[in-house]
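Sequence order for the protein chains is S and D. Just so it is clear: in the first sequence, position 99 is 99 by the numbering used here, and no numbers are missing. Just so it is clear: in the second sequence, position 116 is 116 by the numbering used here, and no numbers are missing.
Hints in this document: simulated from the structure, not taken from any laboratory. It is possible that some hints are incorrect.
[Said to hold, decoys possible] Mimicking DSS-like on lysine-lysine, the simulated pairs with C-alpha atoms at most 30 Å apart in a straight line are: (1) S:Lys79 x D:Lys170; (2) D:Lys163 x S:Lys7; (3) S:Lys7 x D:Lys170.
[What the hints assert, rightly or not] With the Cβ distance kept under 8 Å, some of the chain S side facing chain D (calculated, not the full set): (4) Phe25; (5) Leu27; (6) Ala48; (7) Thr51; (8) Leu119.
Glycine included, each C-beta is placed from N, C-alpha and C at the ideal position.
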Amino acid sequence: MLPMIEKEVVERRGWASAEEIMDIFALSQSLPGAIAINSSIFLGYRLAGVTGAVVAAAGVVMPSLLIILGIAVFFTSLKENRAVSAAFTGIRAAVAGLIAAAALRITRASCRSWIAFALALLSLLINLFTDIHAVWVILCGGLIGIVIHYYLPGRVKLRKSGDEKP
Amino acid sequence: MIYLELLFKFFRIGLFTIGGGYAMLPLMQHEIEINNWITSQEFVDIIAIAEMTPGPIAINAATFIGYRVGGVLGSVVATTAVVLPSLLIILLLSRILARYQEHAFVRSLFAGIRPVVAGLIISAAWFIIAAVFAPALSENGAALPVDYASIGIAALAFLLVAKYRFDPVKIIIMAGIAGMVIF
């Protein structure tokens, strides 16, 4: 989705320079939410203020909303079909493989030190064996990151944030 | 009131989806386990559909679950709620965000969050894999014959994406065709 945004915004419309859009992507990555959505909101805000931001958010979400709504409405009856149900048995298996691959990729990208690895292991165990909500785990992770890297004497040096992108 | 609940929970999911769309999976998994909104099988189906259709997985999952729980209005509420944190944060903080992005404090924060999210995603992956393969074990307690075809498809999908960087959409389509032939 990001290359599409870049093409439309930079080449076709001239709404932002190639550098600006890269800055927006980088910033969007460190905010909550999907990168494509955040970037669209940023651009909308930059071009047309609050209204622009709201319109851009609505515009970028609308296709997903309509497509998924369409699928959701017919999905239950579709699943009654034998061929569809057989196809989904295969697809579910593939999704298991895809998610495992995604988990591996993300872990590789974000666990480049033993501290990071230990944090990942700890959060994995907490999520598997306790009922603690993921939100608290994420908040604690952020807190530990700040303590270790910012406040501890002789704190661990961080690479430029560009190197840590997932 | 189901719509308020959807609004609150998907707002929270949107707010804590840090580090790309997959970071949403553990948050969503948690809500599904607690609320019984949909079965874990349906969760896997939603991920499959989300991978096949354009648009971020977090948005697609919100729309689908919202529809299941509260109809068309529910899907609109859930989708809006999951985007709302991004919108509010950018509107309120966009001026200071760019300035502090490279600040050591912010980078330390993310240095802690990223690995934790990775751990959560691994556990969500485990949940999904269990949802795909466990029904064969848990139905009326007796262990059913091991489903080698499914394991084969999963292993192949993993290998093709992790090692050869195949497009997930193509893999899902191929798996669908394989499923129709095998099952």
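The hints, checked one at a time:
no.	hint	result
1	S:Lys79 x D:Lys170	holds, 21 Å
2	D:Lys163 x S:Lys7	holds, 29 Å
3	S:Lys7 x D:Lys170	holds, 24 Å
4	Phe25	violated, 12 Å
5	Leu27	holds, 6 Å
6	Ala48	violated, 12 Å
7	Thr51	violated, 11 Å
8	Leu119	holds, 4 Å
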